[in-house]
Amino acid sequence: LSHGSGGVETSEIVEKLFLRRLPEGLKKVAGGLGLDFPDDAAAIPMADGRYLVVTVDAYTVNPPFFPGGDIGMLAASGSINDVLMLGGRPLAMLDSIIAEEGLPYETLDRVVKSFLSVLEAEGVALIGGDFKVMPKGQLDKIVITTVGIGVADRIIVDKPRHGDKIVVSDFVGDHGAVILMLQMGDVDKPEQLQLKSDVKPLTKLMVPLVEKYGEYIHAARDPTRGGLAMVLNDWAKAGGGVIVVEEESLPVRPEVASYAGMLGIDPLYLASEGAAVLAVDPAVAEEVVKFMRGLGFQNARVVGEFREARQHRGYVLLKTVAGGLRILEPPRGDIVPRIC
Amino acid sequence: MPKAYLIHISGIVQGVGFRPYVKILADRLGLGGYVKNLGGGEVEIYVEGERSGEFLDALLNGRPKAIYIEEVKAVEVEPRGARAFVIEKSSEEVQTPSMIPPDLAICEDCLREVLGGGGRRGRYPFNSCSFCGPRFSVIRRLPYDRENTSWSAFPMCEECAREYSSAEVGGVRRFFYQGISCRNDGPRLTLLDSAGRPVEAEDPISEAARLVEEGRIVAVKGVGGFHIFALASDDGVVAELRRRKRRPSQPFAVMALDLETAGRLVVVDGAAAELLTSPRRPVVLLPKRDGSPASPLVSPGLDREGVFLPYTALHYLLLSEIRDRFAIATSGNIHGEPMCTDRRCVLRLGVADYVLDHDLEIVHRVDDSVVRFTAGRPVLLRRGRGYAPVWVKMPLRLGRAAVAFGADLQTAGAVGVGDKAVLTQYIGDLDSFRALEDLDRELRWLAQAYRAEAPALVCDLNPAYSSHRLCREWAGELNAEVYTVQHHHAHALAAAADVGVAEPFLAVAIDGVGLGEDGAAWGGEVLYVEGPRYERVRHLTYVPMPGGDLAAVRPARMALAYLFKHFGEDWGLVERLKLAGRLPGGLAEAQIAAREIKSPRIYTSSVGRFLDAVAAALGVAWERTYEGEPAIRLEAAASGGRLLQLDAEDQVELFGRLVELYLRGADVKDLAYTAQYKLGQILGKWACETAERKGVRHIVVGGGVAVNDYIIAGLESVCGRAALPSKTPPGDGGIALGQLYYLAHLGI
Ligand SMILES: [Fe+3]
Ligand SMILES: [Mg+2]
Ligand SMILES: [Zn+2]
Ligand SMILES: [Zn+2]
Chain W
1 LSHGSGGVET SEIVEKLFLR RLPEGLKKVA GGLGLDFPDD AAAIPMADGR
51 YLVVTVDAYT VNPPFFPGGD IGMLAASGSI NDVLMLGGRP LAMLDSIIAE
101 EGLPYETLDR VVKSFLSVLE AEGVALIGGD FKVMPKGQLD KIVITTVGIG
151 VADRIIVDKP RHGDKIVVSD FVGDHGAVIL MLQMGDVDKP EQLQLKSDVK
201 PLTKLMVPLV EKYGEYIHAA RDPTRGGLAM VLNDWAKAGG GVIVVEEESL
251 PVRPEVASYA GMLGIDPLYL ASEGAAVLAV DPAVAEEVVK FMRGLGFQNA
301 RVVGEFREAR QHRGYVLLKT VAGGLRILEP PRGDIVPRIC
Chain Z
1 MPKAYLIHIS GIVQGVGFRP YVKILADRLG LGGYVKNLGG GEVEIYVEGE
51 RSGEFLDALL NGRPKAIYIE EVKAVEVEPR GARAFVIEKS SEEVQTPSMI
101 PPDLAICEDC LREVLGGGGR RGRYPFNSCS FCGPRFSVIR RLPYDRENTS
151 WSAFPMCEEC AREYSSAEVG GVRRFFYQGI SCRNDGPRLT LLDSAGRPVE
201 AEDPISEAAR LVEEGRIVAV KGVGGFHIFA LASDDGVVAE LRRRKRRPSQ
251 PFAVMALDLE TAGRLVVVDG AAAELLTSPR RPVVLLPKRD GSPASPLVSP
301 GLDREGVFLP YTALHYLLLS EIRDRFAIAT SGNIHGEPMC TDRRCVLRLG
351 VADYVLDHDL EIVHRVDDSV VRFTAGRPVL LRRGRGYAPV WVKMPLRLGR
401 AAVAFGADLQ TAGAVGVGDK AVLTQYIGDL DSFRALEDLD RELRWLAQAY
451 RAEAPALVCD LNPAYSSHRL CREWAGELNA EVYTVQHHHA HALAAAADVG
501 VAEPFLAVAI DGVGLGEDGA AWGGEVLYVE GPRYERVRHL TYVPMPGGDL
551 AAVRPARMAL AYLFKHFGED WGLVERLKLA GRLPGGLAEA QIAAREIKSP
601 RIYTSSVGRF LDAVAAALGV AWERTYEGEP AIRLEAAASG GRLLQLDAED
651 QVELFGRLVE LYLRGADVKD LAYTAQYKLG QILGKWACET AERKGVRHIV
701 VGGGVAVNDY IIAGLESVCG RAALPSKTPP GDGGIALGQL YYLAHLGI
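Chains W and Z supply the protein sequences, listed in that same order. Heads up, the first sequence is in this note's numbering, so the first residue is 1 and it goes up one at a time. Heads up, the second sequence is in this note's numbering, so the first residue is 1 and it goes up one at a time.
Pulled out of the complex, with its shape left as it was, chain W reads as follows:
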């Protein structure tokens, strides 16, 4: 099961099942971006020099309704954000819903309504879809697959450069903490939660940001599965360097930190569904943060830096308050004991 959890195991299985079998020329459309590079979405070059940005994701979440949102909202926002994080402006979406036999009609109705309301608010057209029912027990309530489509003048291929500042738009781990809490049964009624998921589309942040500072943004990602730890580890590897993060500066809500602490989970591994991580040219990093705050993202901040390295490339290091340098491991799906 750990192979689907987004950690080291997922990349291992994708590598084995797909990447090794596919000839290089078929991993992307010439001049674009595809399976050859791990990023949020794919890109196909168009005749006018712009890019068509496409992404697909299947969403399943237990429970389907949670404080702050539901699976419908998640499916719409998730693919919109993936288009955005490649530098695209989301235009259209396709969906495929599979429901478990016996799922109450009202549930489906609520989910679809909330799915459509996101599209409406964002001005994203729903240009196709599919709906199926599968026998009871063959899936967990509902799975929504969405294809997000957008257009980009310039795509952001995640390759941080030496000196880039790592900017985070908001608190991280809220969504992951809420879902975990519900799944673990650590709250009786969702209303008791002091926390809610941060699920939301990031159009209002990313479109103006890319318009104004696009050329200075060398990487952009929403820290979903595997959380911030996953994004930073991917980037350290992709850039062939080291990322150093100041522990103090990391935006984690105290409620998230304390709950995750009780589970023995580092909040940096918990998913966000409405936050962006950027690698920004140091010359404009402070300006970018200011700009983001001006767009209503009050918690935006610089948390660290990417550095080229000759040795130990791919490490993410957490600078502790006391001055230590801890290694932030890439997420794993299964727990492996390490402390003696």
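Any given hint could turn out to be false.
To be verified - Away from chain Z, derived, C-beta distances all over 10 Å, residues of chain W: (1) Ser11; (2) Ile13; (3) Val14; (4) Pro67; (5) Leu108.
Said to hold, decoys possible - Pulled a few chain Z residues facing chain W out of the computed Cβ check, cut under 10 Å: (6) Leu56; (7) Leu60; (8) Arg246; (9) Arg348; (10) Leu349; (11) Asp408; (12) Leu430; (13) Tyr465; (14) Gly519; (15) Arg554; (16) Arg557; (17) Arg624; (18) Gly731.
Claimed, not checked - Quick partial rundown of chain W residues pointing at chain Z, CB under 7 Å, derived from the structure: (19) Met262; (20) Leu317; (21) Arg326; (22) Ile335; (23) Val336; (24) Cys340.
I should point out that these hints are in silico values taken from the structure, not numbers from a laboratory. Since the structure is predicted, the reported quantities are computational estimates derived from the model, not experimental observations. Each residue gets a CB set at the ideal place from its N, CA and C atoms; glycine is no exception.
Guided by the hints, dock chain Z with the ligands onto chain W, whose structure is given.
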């Protein structure tokens, strides 16, 4: 008729004045012959003459302590008519490099020169000779020649140069001594304030001593890194040091001027005295003396104090001017990070009010070694200064060179060549990136020094270990194959290699945690080991480990796991044992843990986690601010305890019985004693039953918990004497030896 002998000696015979010593002895006995270096830590001596029969005895018995001899072979041969005795130049084609000498504590002769007052070496803080002083910590590259060490920054004065180049002038102690120096040409001391500004002082040492006496905290650069000095007798000072170091309860080491002073703090018997005064000069954990003048805050909750004697002239001079004649000398580091070796690092720490710095560069960081006694035998807890990088001979040879990456916490790596396992010095915890860099650097350095070309690589099975990741990095770089070894299999093999067992054996591998082949957290294992294979014959009963690693950090979680395993989910018992209050998250956390205990994500058979559970349930310790704290405190709590009569098949039942007795008001010290002793008996019973069934003679004990007095006593009460490692730490600091030994068994 003159006789002649051909003698081969191996050990630390390079860089410790061995050849001049041999020549001077041969001259005194009027013998002819030669001494020459064969490489690989071996020296050949040929002597002939009337008194050649006395030579070997005199050589061995009169030798300075610094010359450590591993093996001696002497045969009588036909005399060849040699008149004079010469030091033959070692041939260029010496194949295996010699043993890199470890750092040696100042010898008595050098100390006498310093304290004697006059001359070029009176009060000279860096005085050393062929038989003492820094070695490994100052070596940049081999061979060990002055220009390849930190001493190269200090050109010799004329007088030193004369001593260096003439046996008559320099004598055995200074002739050809690479680190020769004196007041006129040696390193200089500087006293700085906490901002790094120089402090004017006529004598920086006297001033530093005065400051310590005043209650200030002073960082002092030693041989392998910085120590933090502070008064050990003043509660306020110790508390302040704890606050600044963010180290609430981990014990501090105390440096005492001499044996007599040490004897006021701890009980020093003959074996302890020998260790304390040896050139290795480790910190030795010894029973605290009633009425010790040391503050109880130095090692809160423990029945032992870590004490060591000064190992340089600088430390002698400093301590002799502090009224107490003893002081805290703890390593200057950020908690969990490597010790500082330069001024910049120590100033950044922000711990010390003053810094006593000098300009002899530290090339290799070397921490103080730590030794304790377990069941009356000295065992290493930390193998650093004085021990590393002395090699360990394995009973089997490696066919090709190999590099072992060790474990992850309190760890060390190793380079293997032939039958020699060269362990790095203690590296520390690899969740610190700087420690990982150190491991990488030291392994590269040793691999080069011992010409380990195209090595095979070996690391722990656990993919989450930083050492495992580093091993994979090397594999990518060198295009080398990687072998992995299960953690406890490596512990078993390390113990066997250390004590010299090559045939099939039985191992009791007990520690905190290691990843098992089945994904569980092992740590209470009885293994039958034959060649490169092992059979997991018995293990402690699996118990849920709620929160994974979090259960190690918060021992009350393990207490809950044990409690529910034995009594079912009984919240009344949780309340009576006050367990919820012993979790940082209180009842809410206990409930979260309880839910996880019902559907566990991971199980453990670890002895460490059992001891944690007992410590938390008995209210002995429920915090872990340093590695092994609950278990260490539980051991201390058992002091003076006696064995309670109870029957238990396994450790879960044992835990249940102990809780029942505790709630009926039994004495905590008896309960603590019984928990450990009885556990040892359970393990012992499994071990010797299997040994008998398999027809195996050797039983070895390895793993971090193998240093526990009561567990070993319990085990040996059933099994008879078991073998404990003595050259390497039984814990993860020795695991790289087992990894190399595994390759040797594989035939690699
Ligand atoms: Fe271990
Ligand atoms: Mg991106
Ligand atoms: Zn000396
Ligand atoms: Zn001199």
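Hint by hint, here is what the structure shows:
1. Ser11: At roughly 13 Å from the nearest Cβ of chain Z, W:Ser11 sits farther out than 10 Å, so the non-interface label holds.
2. Ile13: Given that every Cβ of chain Z is farther than 10 Å from that of W:Ile13, nearest at about 15 Å, it holds.
3. Val14: Label holds. Min Cβ-Cβ 18 Å, cutoff 10 Å.
4. Pro67: holds, 18 Å
5. Leu108: holds, 30 Å
6. Leu56: Given a least distance of 46 Å, the restraint on Z:Leu56 is violated.
7. Leu60: violated, 41 Å
8. Arg246: At 6 Å from the nearest chain W Cβ, Z:Arg246 passes the 10 Å test, so the hint holds.
9. Arg348: Holds. Min distance 6 Å.
10. Leu349: holds, 7 Å
11. Asp408: holds, 6 Å
12. Leu430: holds, 8 Å
13. Tyr465: For Z:Tyr465, the interface hint holds, since the closest Cβ of chain W sits about 7 Å away, which is under 10 Å.
14. Gly519: holds, 7 Å
15. Arg554: Since chain W brings a Cβ to about 9 Å from Z:Arg554, closer than 10 Å, the hint holds.
16. Arg557: holds, 9 Å
17. Arg624: With Cβ-Cβ at 9 Å, under 10 Å, it holds.
18. Gly731: holds, 8 Å
19. Met262: Holds, about 5 Å.
20. Leu317: holds, 5 Å
21. Arg326: Result: holds, 6 Å to nearest chain Z Cβ.
22. Ile335: holds, 4 Å
23. Val336: holds, 4 Å
24. Cys340: holds, 3 Å
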